[in-house]
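Input sequences plus hints: build the corresponding full structure.
Top to bottom, those sequences are chains F and A.
Under this note's numbering, the first sequence has 637 at position 172, and the numbering climbs by one with no breaks.
Under this note's numbering, the second sequence has 502 at position 37, and the numbering climbs by one with no breaks.
A couple of the hints might just be wrong.
[What the hints assert, rightly or not] For lysine-lysine, the following BS3-like pairs were computed, each having C-alpha atoms within a straight-line distance of at most 30 Å:
(1) Lys473/A / Lys547/A
(2) Lys572/F / Lys789/A
(3) Lys789/F / Lys547/A
(4) Lys616/F / Lys508/F
(5) Lys616/A / Lys508/A
(6) Lys639/F / Lys616/F
(7) Lys473/A / Lys492/A
(8) Lys508/A / Lys789/F
(9) Lys473/A / Lys639/A
(10) Lys508/A / Lys508/F
(11) Lys572/A / Lys616/A
(12) Lys572/F / Lys644/F
(13) Lys644/F / Lys473/F
(14) Lys492/F / Lys508/F
(15) Lys789/A / Lys547/F
(16) Lys547/A / Lys508/A
(17) Lys508/F / Lys547/A
(18) Lys639/A / Lys547/A
(19) Lys508/A / Lys547/F
(20) Lys572/A / Lys789/F
(21) Lys639/F / Lys473/F
(22) Lys572/A / Lys644/A
(23) Lys789/A / Lys789/F
(24) Lys508/F / Lys789/A
(25) Lys644/A / Lys492/A
(26) Lys473/F / Lys547/F
(27) Lys547/F / Lys492/F
(28) Lys508/F / Lys789/F
(29) Lys547/F / Lys508/F
(30) Lys639/A / Lys572/A
Read the hints as simulated data drawn from the structure, not as lab findings.
Number of protein chains: 2
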Amino acid sequence: MPEPFSFKLLATDGAARRGEIVTAHGKVQTPAFMPVGTQGTVKGLTPEDVRATGTEIVLGNTYHLMLRPGAQRIATLGGLLKFMNWPLPILTDSGGFQVMSLSDLRKVDERAVTFRSHLDGAMVELTPERAIEIQMLLGADIAMQLDECLKLPAARDEIARAMQLSLRWAERSKRAFEKNANGYALFGIVQGGDDLTLRAESARTLTAMGFHGYAIGGLAVGEPQEVMLRIVAETTPTLPARHPRYLMGVGTPHDLMEAVARGIDMFDCVLPTRNGRHGMAFTRYGAINLANARHANDPRPLDAESPHPAARTYSRAYLHHLTKANEMLGAVLLSTINLAYYQTLMGGMRETIAAGRFAEFCDHTMAQWAQGDLPAL
Amino acid sequence: MPEPFSFKLLATDGAARRGEIVTAHGKVQTPAFMPVGTQGTVKGLTPEDVRATGTEIVLGNTYHLMLRPGAQRIATLGGLLKFMNWPLPILTDSGGFQVMSLSDLRKVDERAVTFRSHLDGAMVELTPERAIEIQMLLGADIAMQLDECLKLPAARDEIARAMQLSLRWAERSKRAFEKNANGYALFGIVQGGDDLTLRAESARTLTAMGFHGYAIGGLAVGEPQEVMLRIVAETTPTLPARHPRYLMGVGTPHDLMEAVARGIDMFDCVLPTRNGRHGMAFTRYGAINLANARHANDPRPLDAESPHPAARTYSRAYLHHLTKANEMLGAVLLSTINLAYYQTLMGGMRETIAAGRFAEFCDHTMAQWAQGDLPAL
Chain F
466 MPEPFSFKLL
476 ATDGAARRGE
486 IVTAHGKVQT
496 PAFMPVGTQG
506 TVKGLTPEDV
516 RATGTEIVLG
526 NTYHLMLRPG
536 AQRIATLGGL
546 LKFMNWPLPI
556 LTDSGGFQVM
566 SLSDLRKVDE
576 RAVTFRSHLD
586 GAMVELTPER
596 AIEIQMLLGA
606 DIAMQLDECL
616 KLPAARDEIA
626 RAMQLSLRWA
636 ERSKRAFEKN
646 ANGYALFGIV
656 QGGDDLTLRA
666 ESARTLTAMG
676 FHGYAIGGLA
686 VGEPQEVMLR
696 IVAETTPTLP
706 ARHPRYLMGV
716 GTPHDLMEAV
726 ARGIDMFDCV
736 LPTRNGRHGM
746 AFTRYGAINL
756 ANARHANDPR
766 PLDAESPHPA
776 ARTYSRAYLH
786 HLTKANEMLG
796 AVLLSTINLA
806 YYQTLMGGMR
816 ETIAAGRFAE
826 FCDHTMAQWA
836 QGDLPAL
Chain A
466 MPEPFSFKLL
476 ATDGAARRGE
486 IVTAHGKVQT
496 PAFMPVGTQG
506 TVKGLTPEDV
516 RATGTEIVLG
526 NTYHLMLRPG
536 AQRIATLGGL
546 LKFMNWPLPI
556 LTDSGGFQVM
566 SLSDLRKVDE
576 RAVTFRSHLD
586 GAMVELTPER
596 AIEIQMLLGA
606 DIAMQLDECL
616 KLPAARDEIA
626 RAMQLSLRWA
636 ERSKRAFEKN
646 ANGYALFGIV
656 QGGDDLTLRA
666 ESARTLTAMG
676 FHGYAIGGLA
686 VGEPQEVMLR
696 IVAETTPTLP
706 ARHPRYLMGV
716 GTPHDLMEAV
726 ARGIDMFDCV
736 LPTRNGRHGM
746 AFTRYGAINL
756 ANARHANDPR
766 PLDAESPHPA
776 ARTYSRAYLH
786 HLTKANEMLG
796 AVLLSTINLA
806 YYQTLMGGMR
816 ETIAAGRFAE
826 FCDHTMAQWA
836 QGDLPAL
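Structural data, given as structure tokens:
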């Protein structure tokens with residue numbers, strides 16, 4: 466089995482870590498944020514647009530791609546990187562989360578999860594082995610084990626059952642991955658809901674199995690931020706330091722910073738692109754709603770000092786107009802601006818962790834957010 | 466009145482003309498195609514995207530912009546070029562065509578057209594003077610007179626009435642334009658439906674008034690292509706050779722070539738972007754429907770020899786997938802590819818008119834279209 470995957474821990478500052486992932490398709494500096502390319506595209510953006518935001522790795526969704534255009538088709542066309550014309554690393558999820566969030570009918574048993582496709586109503590089966598096979602067909606640099614995701618709050622028994630099942634699926638995923646000649650890297654997923662004992666058991670068992678990296682799943686599913694951060698804080702010390710740690714589906718800029726402070730290396734989230742499509746900008750002044758009439762006559766850009774040209778070039782008045790007129794370019798520009806802000810934020814974290822000034826960076830960033838947007842003209 | 470507008474006829478080949486328009490914001494090589502930026506944006510594309518297709522001038526819609534965000538607001542923000550971040554020339558229409566096509570209630574009398582806004586139902590009045598004022602507020606390099614557009618077929622009396630009204634509005638538009646200190650160039654619009662006698666009278670009267678350029682309006686409104694081309698062929702010889710001629714709202718690649726062969730210099734049309742949003746590509750192989758299942762497994766690009774990277778880079782399979790999945794990037798890429806094809810076609814016309822080989826170019830281009838798309842794999 467080829468193993469062109471490694472992780473190097475370059476520096477720490479408190480629990481925060483500065484690292485580097487090496488993959489067959491390039492290096493990823495951590496802490497890293499992965500934009501979500503659900504259906505084989507980061508919505509509205511060309512690969513060049515995505516790269517220009519500073520992005521080094523994107524996430525692809527197994528659930529969506531297996532249903533359309535199909536994993537075998539993508540494999541025949543040369544894999545997901547080639548299909549999307551994205552030349553850098555890709556991580557694929559296992560489909561477990563979308564089975565929970567998107568299909569209106571699903572049945573989980575020991576062997577598989579069976580669900581109704583949200584596209585055509587067909588019943589589809591996903592086993593841990595099939596989830597790995599699909600991700601290998603996609604050519605993922607980093608594949609994820611199949612797990613069972615619950616919404617919170619949930620009963621402890623139910624959380625324990627799903628966590629135990631996810632551990633058995635982790636084992637099966639690992640065996641399937643190791644049998645496959647094309648695998649690059651496989652991450653296990655810590656489950657256990659909001660129960661610290663269950664989380665610790667999950668992390669311990671996964672670590673004993675041995676994965677290339679460890680994700681924390683089943684968070685950002687309805688629980689308060691403080692619950693999420695407590696679980697992160699308690700879980701990361703139980704994971705091996707020499708492997709990357711990925712907090713799945715998180716989050717706001719504030720979530721990212723707090724999770725990095727608790728030892729997380731990788732994130733993915735639809736927020737920068739989804740909110741961009743709805744007229745919301747993330748900036749160093751905090752979140753800005755471009756639909757607000759206060760921007761209608763404002764000739765200033767969102768952030769004159771942003772490293773990304775889109776944030777410096779287009780006026781708030783223009784972005785307001787595009788948002789109100791529901792113009793595609795508004796979605797394109799705000800998605801770009803938001804991803805660029807996320808990547809700038811990650812870059813700031815990486816730099817200050819390496820320099821031992823991460824706490825100072827966090828204080829400064831949060832003070833700017835708290836100050837809010839520029840006063841109206 | 467500043468007059469940074471001129472037109473130079475550089476070469477002719479039969480009735481086809483190769484020319485150059487000079488404006489305050491740059492030169493435009495003719496025959497020229499103007500993408501439509503209805504609401505202050507060529508849908509889905511950044512100004513850089515639009516420029517990269519070879520576009521030298523875009524069209525803005527007075528009707529849309531006067532309703533939202535408002536002409537005075539755009540003027541206060543520095544004009545439409547600055548608002549859109551588009552650094553090259555802009556032509557604005559007068560709003561007459563959209564009043565016909567978009568508002569469900571309108572009343573035309575000698576003084577004005579009054580219509581119900583499609584946005585908020587408010588009654589809005591547009592006079593020839595107001596249409597000029599709005600276009601000056603937008604900062605158009607080329608403004609259009611207000612005219613009354615009819616759908617065809619229409620009764621001769623009705624066509625004659627609208628044509629005569631449009632001539633009186635041309636006169637009022639010209640006076641309003643000449644009183645305004647910010648005007649760059651004003652085009653008159655030949656009306657007269659499908660009646661050659663009325664068209665000739667309109668052209669003669671407008672020429673006597675004197676405009677910077679002459680448009681042919683009221684075509685591509687339901688009549689067969691041969692009717693449109695006959696009117697173009699009969700009208701262009703009645704217009705002064707030293708001024709540009711603009712066929713409004715036209716058309717398909719074939720329309721453009723046939724109209725250039727009959728002496729037209731400028732075009733605008735939503736087809737390349739609108740059809741791009743609906744999965745249709747224009748290429749040298751003709752029109753291609755990317756939604757067709759024949760493309761689902763096709764790794765080939767739309768046109769491996771296109772001068773534009775998007776047409777060479779993305780596979781038909783990927784474009785098919787984006788189209789089926791209704792992904793924004795499909796609209797973005799196909800709009801780009803289509804505009805690039807239109808501009809490549811215009812470039813081919815310009816080059817071969819200058820070289821005296823235009824007829825040959827048309828034959829070759831039509832033979833390629835007739836041959837159709839690449840055979841399926």
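Evaluation of the provided hints:
1. Lys473/A / Lys547/A: holds (27 Å)
2. Lys572/F / Lys789/A: holds (28 Å)
3. Lys789/F / Lys547/A: holds (19 Å)
4. Lys616/F / Lys508/F: Holds - the C-alpha atoms of Lys508/F and Lys616/F are around 26 Å apart, at most 30 Å.
5. Lys616/A / Lys508/A: Measuring from Cα to Cα gives roughly 26 Å; hence the hint holds.
6. Lys639/F / Lys616/F: Holds. Lys639/F to Lys616/F sits at ~25 Å (cutoff 30 Å).
7. Lys473/A / Lys492/A: With a Cα-Cα distance of about 11 Å, the restraint between Lys473/A and Lys492/A holds, given a limit of 30 Å.
8. Lys508/A / Lys789/F: holds (14 Å)
9. Lys473/A / Lys639/A: Answer holds: Lys473/A to Lys639/A is near 22 Å, not above 30 Å.
10. Lys508/A / Lys508/F: holds (15 Å)
11. Lys572/A / Lys616/A: holds (15 Å)
12. Lys572/F / Lys644/F: Between Lys572/F and Lys644/F the Cα gap is close to 27 Å, so the pair holds against 30 Å.
13. Lys644/F / Lys473/F: holds (26 Å)
14. Lys492/F / Lys508/F: It holds: about 23 Å lies between the C-alpha atoms, which stays within 30 Å.
15. Lys789/A / Lys547/F: holds (19 Å)
16. Lys547/A / Lys508/A: holds (17 Å)
17. Lys508/F / Lys547/A: holds (27 Å)
18. Lys639/A / Lys547/A: holds (26 Å)
19. Lys508/A / Lys547/F: holds (27 Å)
20. Lys572/A / Lys789/F: holds (28 Å)
21. Lys639/F / Lys473/F: The given pair, whose Cα atoms are some 22 Å apart, holds under the 30 Å limit.
22. Lys572/A / Lys644/A: holds (27 Å)
23. Lys789/A / Lys789/F: holds (27 Å)
24. Lys508/F / Lys789/A: holds (14 Å)
25. Lys644/A / Lys492/A: holds (26 Å)
26. Lys473/F / Lys547/F: holds (27 Å)
27. Lys547/F / Lys492/F: holds (18 Å)
28. Lys508/F / Lys789/F: holds (19 Å)
29. Lys547/F / Lys508/F: holds (17 Å)
30. Lys639/A / Lys572/A: With a Cα-Cα distance of about 23 Å, the restraint between Lys639/A and Lys572/A holds, given a limit of 30 Å.
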